[in-house]
Amino acid sequence: MPVVKESKQINWKDKFVELVVVVIGITLAFMMNRSYENHKNKQVEYQYLQSFKDDIGSDLKQLDTLLRHQERQLQKIKNSQSLFSRSTINPDSAMTLIGALTTIYIYSSQKTTYETIKSSGNFNILSDYRLKQALIKYYQGMDDLKYLRQTTNFYYNTFVIPFILKNVDLHRKKIVSLNALRNRRFRNMVYGFQSLLIQKYTMHKELYQSARTVMTLLKQI
Amino acid sequence: MKKYIRIASGQGYWGDRFDAPLDQVKEGPIDYLVMDYLAEVTMSIMQKQKSRDPNLGYAKDFIPLMKQLLPLLVEKKVKLITNAGGVNPVGCMIAVRNIAEQMGYSGLKIAAVYGDDILNQLDPLIASGNEMKNMETGEPLQKIRRTVSSANVYFGARPVVKALEQGAQIIVTGRVTDTGISLAPMIHEFGWEWDDWNKLAAGVIGGHINECGAQASGGNFLAGWKEVPRMERIGFPIVEAYPDGSLIITKHESLGGLVSERTVKEQLVYELGNPAEYITPDVVADFTSIRLEQEAENRVRVYDIKGYPDTEFYKVSISYFDGYTCIGQLTYAWPEALEKAQKADDIIRKRIEYLGLTFDDIHTEYLGYNACHGSTAPPIKDPNEVVFLIGVRGHDKQMMQKFANEIVPLVLTGPPTVTGFGGGRPRVRDVIAYWPALLKKDTVSPKVLTIEVV
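Read top to bottom, the protein sequences are chains A and B.
Be aware that the first sequence starts at 1, since it is given in the working numbering, and climbs by one per residue.
Be aware that the second sequence starts at 222, since it is given in the working numbering, and climbs by one per residue.
Errors might be hidden in some of the hints.
[What the hints assert, rightly or not] Straight-line Cα separation of at most 27 angstroms, BS3-like style, residue types lysine-lysine; simulated pairs:
1) Lys383(B) <-> Lys536(B)
2) Lys78(A) <-> Lys132(A)
3) Lys330(B) <-> Lys146(A)
4) Lys662(B) <-> Lys137(A)
5) Lys224(B) <-> Lys383(B)
6) Lys383(B) <-> Lys486(B)
7) Lys662(B) <-> Lys132(A)
8) Lys364(B) <-> Lys111(A)
9) Lys661(B) <-> Lys118(A)
10) Lys354(B) <-> Lys118(A)
11) Lys247(B) <-> Lys298(B)
12) Lys354(B) <-> Lys137(A)
13) Lys330(B) <-> Lys205(A)
14) Lys132(A) <-> Lys536(B)
15) Lys224(B) <-> Lys281(B)
16) Lys364(B) <-> Lys132(A)
17) Lys205(A) <-> Lys383(B)
18) Lys132(A) <-> Lys661(B)
19) Lys383(B) <-> Lys78(A)
20) Lys137(A) <-> Lys383(B)
21) Lys662(B) <-> Lys146(A)
22) Lys661(B) <-> Lys111(A)
23) Lys137(A) <-> Lys536(B)
24) Lys662(B) <-> Lys281(B)
25) Lys662(B) <-> Lys111(A)
26) Lys118(A) <-> Lys297(B)
27) Lys364(B) <-> Lys146(A)
28) Lys298(B) <-> Lys146(A)
29) Lys662(B) <-> Lys78(A)
30) Lys536(B) <-> Lys118(A)
31) Lys224(B) <-> Lys536(B)
32) Lys354(B) <-> Lys564(B)
33) Lys364(B) <-> Lys118(A)
34) Lys146(A) <-> Lys354(B)
35) Lys146(A) <-> Lys536(B)
36) Lys205(A) <-> Lys662(B)
37) Lys269(B) <-> Lys281(B)
38) Lys146(A) <-> Lys281(B)
39) Lys132(A) <-> Lys146(A)
Hints listed in this document are in silico derivations from the structure and should not be mistaken for laboratory results.
Let the sequences and hints guide you as you build the complete structure.
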């Protein structure tokens, strides 16, 4: 039986055009997908940026007020220290000092956006490198403050509060015995507390500066 | 400027001889006393203590020591720098302040150096691209993040110098390098610049010689331990530092010990990686440049030291929970002590198999026979006694406990003539592993807090 050989001509030109069309199609699909993803990411980024603006704006207001209060508190403690060298103690000045000692200002930041972006693993969605670094610095500064806050609270509970409870009639707002203020322990308690407050004030000021940097960058975007 | 200053080592590690720092202040003139408390794992122990009680987290026995030491420091105007503050330097400073107040000292300034504890900041640091890869394996910290129990940056001399500038006589720090606490007084007293690398390197070498206490003055001295006089009251080393960066290593004459070229050399090579690049936060010191000379009895001159600019990184010491370990031991008496111990090992291993226990590692040693030198130890014919020691390591606590229960029963179920089981069942202990990493210097900043006792 004769073998019939069927020869088939391959049209390379058509095949090539087909291939090019497929490649272009796939590339276009990828590009569209990427563009869609970018668009989506941009929207998410925009939402995060707005949210950060709100958080930092609120933090700045709070820090501003806090710093002013702390300045006044430190000034009062500083002024009252002249009491220690006087022969007679003015009860009103003494009460001013006690008032300054019994106040602890606590900074409570709005961390919702930061916590959300961190836990969702979306931090890299923020495209501005400088902003990312500034945000990290600001929120890291807050964690940095944690230890000092704990220590100040410990100091307050261990030294300040027991003294107040023992020596101040809180109901009448009067010092039971002014002589207690002449005691070395009291002076050391005041100086120690003052050092901690100054350190805390300095750290709040640094945080304020960091927050302002973040806000400036947020506004530029 | 002083012609020289004398910086005395008071302690090489937490648990070192208690009266050594007292002797250093009492027995002769010194300007500074430095005391090293912190090893890598210590921070993890302190962090654990602090998590139970936020007022703790520093070397607790430093406080009773200070009751004895403080009067001497005040009387002799000696400054103390120590990293006893652990993970709570401010708490430690307040405890010292209370002692000073009780003793009636006024005008005394006490400083705390802190900011090295980055445990709370690990997540933001990782999020900002600081992977803190393990320096040995290259793995990112994220891998073990959930089991991390402490993370501390090694600060150098800078914050200590700041505290000295603020007039502090007692400086309690967190994780400051062992060398940094000795280098700081030299920078402060001689006004060395922060880029005077050769002098800074000299200070680091002085600190390295001081950091292990008596190891530089005859303790643990391999090349001639029999020559060391009066080890029962060994004198700890003193670094006599000069403004030009040369050092004299010495000790108080009234105390025992020995300071020779060989004792100093042994200390110099301790914990040394690349000798040409001893990296510290302040400078990179070249140990190959060091020259030594026995100037007089117990006086060794160290000079010609070269140094290079510091790197842009801090080293970070991270510790993490890495499972459990349990080690049991029994002593077997002559005759055939080794065979009995080997039989006990065989029984325990078969019991482990029978009970279906699995461990990451099982390790046996025969103390008194070849535990130190292994197969290179010459054989001993029928030793008088052998201590059989078997340890396991794993991540399943229940299995560890089952293993612990297997040791004591060997007394009546295994080979005869066993003793040394008075301690009962061995304890299952946590394994705290070490994760060395690097962190850019600009991501953390040391803080100094000084208070004055009035």
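Against the structure, the hints come out as follows:
Of the supplied pair hints, the one linking Lys383(B) and Lys536(B) holds, its CA atoms being roughly 21 angstroms apart against a limit of 27 angstroms. With a C-alpha separation of about 39 angstroms, the suggested pairing of Lys78(A) with Lys132(A) is violated against the 27 angstroms cut-off. At most 27 angstroms may separate the alpha-carbon atoms for a hinted pair to count; Lys330(B) and Lys146(A) meet this at roughly 25 angstroms. Restraint check for Lys662(B) and Lys137(A): satisfied, since their Cα atoms lie roughly 13 angstroms apart, inside the 27 angstroms limit.
Note on Lys224(B) and Lys383(B): the hinted pairing holds, with a Cα-Cα distance of about 22 angstroms set against a maximum of 27 angstroms. A C-alpha spacing of about 32 angstroms is found between Lys383(B) and Lys486(B), which places the hinted pair above 27 angstroms, so the restraint is violated. Distance check on the hinted pair: Lys662(B) and Lys132(A) sit about 18 angstroms apart at the alpha-carbon level, within 27 angstroms; holds. For a cut-off of 27 angstroms, the pair hint linking Lys364(B) to Lys111(A) stands: about 26 angstroms separates their Cα positions.
The straight-line distance between the Cα atoms of Lys661(B) and Lys118(A) is roughly 21 angstroms, inside the 27 angstroms bound, and the hint therefore holds. At most 27 angstroms may separate the alpha-carbon atoms for a hinted pair to count; Lys354(B) and Lys118(A) meet this at roughly 20 angstroms. Our distance criterion of 27 angstroms between C-alpha atoms is met by Lys247(B) and Lys298(B), whose separation comes to about 12 angstroms. Proximity of Lys354(B) to Lys137(A) is assessed by CA-CA distance (about 20 angstroms); at most 27 angstroms being required, the pair is judged to hold.
Between the alpha carbons of Lys330(B) and Lys205(A) the distance comes to roughly 25 angstroms, so the proposed pair stays at or under 27 angstroms and holds. A threshold of 27 angstroms between alpha carbons decides the hint, and for Lys132(A) with Lys536(B) the separation of about 24 angstroms falls inside it, so the pair holds. A C-alpha spacing of about 37 angstroms is found between Lys224(B) and Lys281(B), which places the hinted pair above 27 angstroms, so the restraint is violated. Our distance criterion of 27 angstroms between C-alpha atoms is met by Lys364(B) and Lys132(A), whose separation comes to about 23 angstroms.
As the CA atoms of Lys205(A) and Lys383(B) are separated by approximately 20 angstroms, the hinted pair is consistent with the 27 angstroms bound. Restraint check: the Cα-Cα separation between Lys132(A) and Lys661(B) comes to about 16 angstroms, which is no more than 27 angstroms; the hinted pair holds. Among the hinted pairs, Lys383(B) with Lys78(A) is consistent with the structure: their alpha-carbon atoms are about 24 angstroms apart, no more than 27 angstroms. Only pairs whose Cα atoms come within 27 angstroms are accepted, and Lys137(A) paired with Lys383(B) is accepted, the gap being roughly 23 angstroms.
Between the alpha carbons of Lys662(B) and Lys146(A) the distance comes to roughly 21 angstroms, so the proposed pair stays at or under 27 angstroms and holds. A threshold of 27 angstroms between alpha carbons decides the hint, and for Lys661(B) with Lys111(A) the separation of about 25 angstroms falls inside it, so the pair holds. Distance hint between Lys137(A) and Lys536(B) is fulfilled; the C-alpha atoms sit about 19 angstroms from each other, no more than 27 angstroms. With a C-alpha separation of about 30 angstroms, the suggested pairing of Lys662(B) with Lys281(B) is violated against the 27 angstroms cut-off.
Among the hinted pairs, Lys662(B) with Lys111(A) is consistent with the structure: their alpha-carbon atoms are about 25 angstroms apart, no more than 27 angstroms. Annotation: proposed proximity of Lys118(A) to Lys297(B) is violated, straight-line Cα distance about 54 angstroms (limit 27 angstroms). For the hint linking Lys364(B) to Lys146(A), the alpha-carbon distance of about 25 angstroms falls within 27 angstroms, and the restraint holds. Of the pairs offered as hints, the one joining Lys298(B) and Lys146(A) is violated, with about 35 angstroms between alpha carbons and a cut-off of 27 angstroms exceeded.
The suggested pairing of Lys662(B) with Lys78(A) is violated, with an alpha-carbon distance near 35 angstroms, which exceeds 27 angstroms. Between Lys536(B) and Lys118(A) the alpha-carbon distance is near 25 angstroms, which keeps this suggested pair within the 27 angstroms criterion. For a cut-off of 27 angstroms, the pair hint linking Lys224(B) to Lys536(B) is broken: about 34 angstroms separates their Cα positions. A C-alpha spacing of about 44 angstroms is found between Lys354(B) and Lys564(B), which places the hinted pair above 27 angstroms, so the restraint is violated.
As the CA atoms of Lys364(B) and Lys118(A) are separated by approximately 17 angstroms, the hinted pair is consistent with the 27 angstroms bound. For the hint pairing Lys146(A) with Lys354(B), the CA-to-CA distance comes to about 26 angstroms; that is within 27 angstroms, so the pair holds. In summary, the hint linking Lys146(A) to Lys536(B) is supported, as the alpha carbons are separated by about 22 angstroms, within the 27 angstroms threshold. Distance hint between Lys205(A) and Lys662(B) is fulfilled; the C-alpha atoms sit about 21 angstroms from each other, no more than 27 angstroms.
Between Lys269(B) and Lys281(B) the alpha-carbon distance is near 13 angstroms, which keeps this suggested pair within the 27 angstroms criterion. For the suggested pair Lys146(A) and Lys281(B), the alpha carbons sit about 23 angstroms apart, so the restraint of at most 27 angstroms is met. Restraint check for Lys132(A) and Lys146(A): satisfied, since their Cα atoms lie roughly 22 angstroms apart, inside the 27 angstroms limit.
Hint compliance for this structure: hints 2, 6, 15, 24, 26, 28, 29, 31, 32 are not met, and every other hint is.
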